[in-house]
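**Student:** Here is what each chain is made of, one letter per residue.
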Amino acid sequence: MNCRYYQELLTDLLAGELTPAQQQQLERHLAECPACAAECRSAREALDAVTPHIDTAPPAGFESRLLEAVRRAAPAPERLASQRRRRRLIRSAAGIFSAAALLAIALMTGLNIPVRAARSCFRQAIVSMSGLKSLDMELQVRTRAGDNFGYIDPELDFVPHTLRVVFTPGLMWRIEKPGRTAVYDGMQIHQWMNSGDGTVQDGNPGFLEDLTSFIDPRILMLREQELATSTDGAVYTVTRNAQTIRLTVTAPAQGDYEQSDYALNSSITESNNRREYTFDADNGQLLGARVTVITDRGERPVLEMTKIVYDAPVDTAALTALPEGIAWNDLRRPLSGTRLAGIGAREAAELILRAMNGWDTEVLNEALRFFGPNGCELVRGIYEGVTPSEIGEPVRSGEYPGQFVPCKLLMRDGSVREIMLALRNDNAEGCWVVDGGI
Amino acid sequence: METPATSRMDQLEEAIAAYQEPLFRFAALRTGSRADAEDIVQDAFLKFALARAPVVQPKAYLFRCVANGCCDLRRRHVCREEIRPQMAASEAEDPLPAEAKRIDSLLGSLPPEQADVIRLHTFGSLRFTEIAEVLDCPVTTVKSRFRYGIDKLKNVLKH
Numbered sequence: 001m002n003c004r005y006y007q008e009l010l011t012d013l014l015a016g017e018l019t020p021a022q023q024q025q026l027e028r029h030l031a032e033c034p035a036c037a038a039e040c041r042s043a044r045e046a047l048d049a050v051t052p053h054i055d056t057a058p059p060a061g062f063e064s065r066l067l068e069a070v071r072r073a074a075p076a077p078e079r080l081a082s083q084r085r086r087r088r089l090i091r092s093a094a095g096i097f098s099a100a101a102l103l104a105i106a107l108m109t110g111l112n113i114p115v116r117a118a119r120s121c122f123r124q125a126i127v128s129m130s131g132l133k134s135l136d137m138e139l140q141v142r143t144r145a146g147d148n149f150g151y152i153d154p155e156l157d158f159v160p161h162t163l164r165v166v167f168t169p170g171l172m173w174r175i176e177k178p179g180r181t182a183v184y185d186g187m188q189i190h191q192w193m194n195s196g197d198g199t200v201q202d203g204n205p206g207f208l209e210d211l212t213s214f215i216d217p218r219i220l221m222l223r224e225q226e227l228a229t230s231t232d233g234a235v236y237t238v239t240r241n242a243q244t245i246r247l248t249v250t251a252p253a254q255g256d257y258e259q260s261d262y263a264l265n266s267s268i269t270e271s272n273n274r275r276e277y278t279f280d281a282d283n284g285q286l287l288g289a290r291v292t293v294i295t296d297r298g299e300r301p302v303l304e305m306t307k308i309v310y311d312a313p314v315d316t317a318a319l320t321a322l323p324e325g326i327a328w329n330d331l332r333r334p335l336s337g338t339r340l341a342g343i344g345a346r347e348a349a350e351l352i353l354r355a356m357n358g359w360d361t362e363v364l365n366e367a368l369r370f371f372g373p374n375g376c377e378l379v380r381g382i383y384e385g386v387t388p389s390e391i392g393e394p395v396r397s398g399e400y401p402g403q404f405v406p407c408k409l410l411m412r413d414g415s416v417r418e419i420m421l422a423l424r425n426d427n428a429e430g431c432w433v434v435d436g437g438i
Numbered sequence: 001m002e003t004p005a006t007s008r009m010d011q012l013e014e015a016i017a018a019y020q021e022p023l024f025r026f027a028a029l030r031t032g033s034r035a036d037a038e039d040i041v042q043d044a045f046l047k048f049a050l051a052r053a054p055v056v057q058p059k060a061y062l063f064r065c066v067a068n069g070c071c072d073l074r075r076r077h078v079c080r081e082e083i084r085p086q087m088a089a090s091e092a093e094d095p096l097p098a099e100a101k102r103i104d105s106l107l108g109s110l111p112p113e114q115a116d117v118i119r120l121h122t123f124g125s126l127r128f129t130e131i132a133e134v135l136d137c138p139v140t141t142v143k144s145r146f147r148y149g150i151d152k153l154k155n156v157l158k159h
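Line by line, the protein sequences give chains L and Z.
Numbering-wise (this note's numbering), the first sequence opens with residue 1 and increments by one.
Numbering-wise (this note's numbering), the second sequence opens with residue 1 and increments by one.
Note that these hints are calculated values from the structure, not bench results.
Fair warning: this is a prediction, and the values are worked out from it, not measured in the lab.
Misleading hints may appear alongside valid ones.
[Unchecked claim] Label pairs and their in silico Cβ distance ranges:
1. A51(Z) <-> G437(L): 41 to 51 Å
2. D202(L) <-> S105(Z): 56 to 66 Å
3. P97(Z) <-> N194(L): 54 to 64 Å
4. A51(Z) <-> P169(L): 28 to 38 Å
5. S105(Z) <-> A242(L): 27 to 37 Å
6. P111(Z) <-> A60(L): 32 to 42 Å
7. M411(L) <-> P54(Z): 58 to 68 Å
8. Q243(L) <-> R102(Z): 36 to 46 Å
9. E63(L) <-> P54(Z): 22 to 32 Å
10. Y148(Z) <-> G16(L): 51 to 61 Å
11. P97(Z) <-> A60(L): 19 to 29 Å
12. N155(Z) <-> T244(L): 43 to 53 Å
13. E32(L) <-> Y148(Z): 36 to 46 Å
14. P313(L) <-> S105(Z): 46 to 56 Å
Just so you know, even glycine gets a beta-carbon here, dropped at the ideal spot from N, CA and C.
Based on the provided sequences and hints, a complete structural model is requested.
**Tutor:** Below is the structure:
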C-alpha cells in the first residue's frame, strides 16, 4: 500500500467514517510514516478550525412550536388524523380557511421574509415614535355606526372614524364614529351613543378591542412585535422601495371555534386576516395600515387608515368635551343585586327572558346594565311580553370571554324569533350581564 | 392500511424529533442568528408539510430546504441590515454571531461547492452518503470536494 491509498482513508478518518479494521490499518501506517502523520495532523487542525465550538441548541419550546406549526399547515385529512391524537390549543377555523392557503397567499403576494425582519420593522417604528406628542388619525371601518368599536362585519359598508390623541403631559384621547363616541380625559372614559345613553368607566380602553392599539401606534407595533415572537402560524412579508417599507402579516383567526364558529369574522382578531403596514423608509414611522379579512367568499378590506398626522397641535378642551343631556350610567358602581350570580349561563338566559315577560325590573336592571335607560326602553318595546320557547346549550366561540346562548322566543304578536344571547359574567360579582344578541 | 395522509403527519413528527436540532444548528451557524435559524427551520418543515409529492428522503430534503433558506436570507441581507436599529442585550452577549463569522471567513476562501460539503459535515453532522443525497451528486464527488476543501484550508491556515 502506498501513501496515496492512506490519504484516501484519511478523508474518511476525518469524517469519522472508517470501519474499525480500516482505522487500525491507517493508524499502523501513521505510526510508521511521519509524512502521512504530519498530513493527518494538519488536516485535523484545518477541520477543527471550521468546526463550531459553541452551544447551538435550539431554544426551549422550539420542538413543540414546530409541531404546532406543521399541524396547522398540514392539509386537512392529515390535520384531522393528527387531531385525533392531540387536541390543538388554538384552531385556525378548520374547513373555512387553512393555514396552508394563508401561506400560499402570502407567498404569492410578496417575498416571504422571516419573522426577524418584521420584528425589526416594528422595533424601528417604536423607536422612531418614542417622542410622540400627539396623533390625528382617520380610519374607515366596516361596522355599524352605533355598534361597539371592536365590532366589524365584512359585509357592511365603511364607517368613518376619527381618532385624536394627546400623549404629553398625560394621555388623553377621543374616538368618534357617527353613532358613538368615547373620550378619555386622563381619569375616566365616557362613552355615549346617539340614543342619549352613556357610560362612565375606568381608564382601561380594552372595550375598543382591536381599535385599542390604534390609540397609540407604538402599542400597535409592540403588540405586532410580540405576536411576531410567538410562532402562531402567521406569515410575514416585507417589501421595500426608496420611500417606504411595506410589511404584511397574514394570520389565522385567533380563538377557539371548537364549540361554535359564531364569533368567527366578528372582529379582526377573530378573522383570518392580512394586516398591512407602511413605514417611512427613512425614519421608520408608521404611515398607513390596512386590514383585510379573508373568508371563504374571498378577501375584503375591513379597516383602512386614511390619514395619520403626528404632533399636530390639539385643542385639549375640545378633545375632552362631553355633550349635554346624556344619561350617564357609571359602570364602576358595584351591582346592587346578585340575582344573576352563581348560576350557569343557560339558567341566567332563562331567568332574563322570563323576566322580560312581565318586565321585572329587578332582574332586568341587573342584566341590561350595559344598555342604559334609553337602550332599556328600546329593548322593552321589542321584548316585553315574550315567552322563551326553547333555550339551547350555551357555547363559547372565538375570544369572547362570555358565552352565547341560542334561544327561541315567542314574541308578543305571535311570531317566533331566534336569537343568540351573548352573556358574560367576568365582573367582580360574577353576575351574568347581557352583552348583545338582542 | 395506513393512508398516505396519515403517514405524512407521522413522518413530520418523526422528522421534527430527529432533525430539529442539527437543522437548527446548521441554520444558526450559517446565518449567525438564532432568530433567523428558527424561521428558516420552521419554513423548511412547513414546505415539507405542504409538499405535493411524497418526501422520500426527509433528512436530505430538510437540509436542502434549510441550506437554500440560508442562501436566500444572505441574498436579502441588505434589507435587514438597514432596518435593524439596535441589537437586544441578549443578542449582544451571544457568541454565535462571532463564531459564525469566524468560520464563514475561513470557508469563504474555498470554492462554494467545497465549503458546502464541509459545512454540511461540521454544522449538520451529516455523513458523506447523506451529503450526497442533499446535493444530489455521487458520494465520490462529495469526498473529493471535502478533501480538496480541507487541503485548501490547510494552506489558508498556514498563511
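**Student:** Does each hint fit the structure? Answer for all of them.
**Tutor:** Right, here's what the structure says about each hint:
no., hint, in the structure
1, A51(Z) <-> G437(L): 41 to 51 Å, "holds (44 Å)"
2, D202(L) <-> S105(Z): 56 to 66 Å, "holds (58 Å)"
3, P97(Z) <-> N194(L): 54 to 64 Å, "holds (58 Å)"
4, A51(Z) <-> P169(L): 28 to 38 Å, "violated (57 Å)"
5, S105(Z) <-> A242(L): 27 to 37 Å, "holds (32 Å)"
6, P111(Z) <-> A60(L): 32 to 42 Å, "holds (38 Å)"
7, M411(L) <-> P54(Z): 58 to 68 Å, "holds (59 Å)"
8, Q243(L) <-> R102(Z): 36 to 46 Å, "holds (38 Å)"
9, E63(L) <-> P54(Z): 22 to 32 Å, "holds (24 Å)"
10, Y148(Z) <-> G16(L): 51 to 61 Å, "violated (19 Å)"
11, P97(Z) <-> A60(L): 19 to 29 Å, "holds (20 Å)"
12, N155(Z) <-> T244(L): 43 to 53 Å, "holds (48 Å)"
13, E32(L) <-> Y148(Z): 36 to 46 Å, "violated (26 Å)"
14, P313(L) <-> S105(Z): 46 to 56 Å, "holds (54 Å)"
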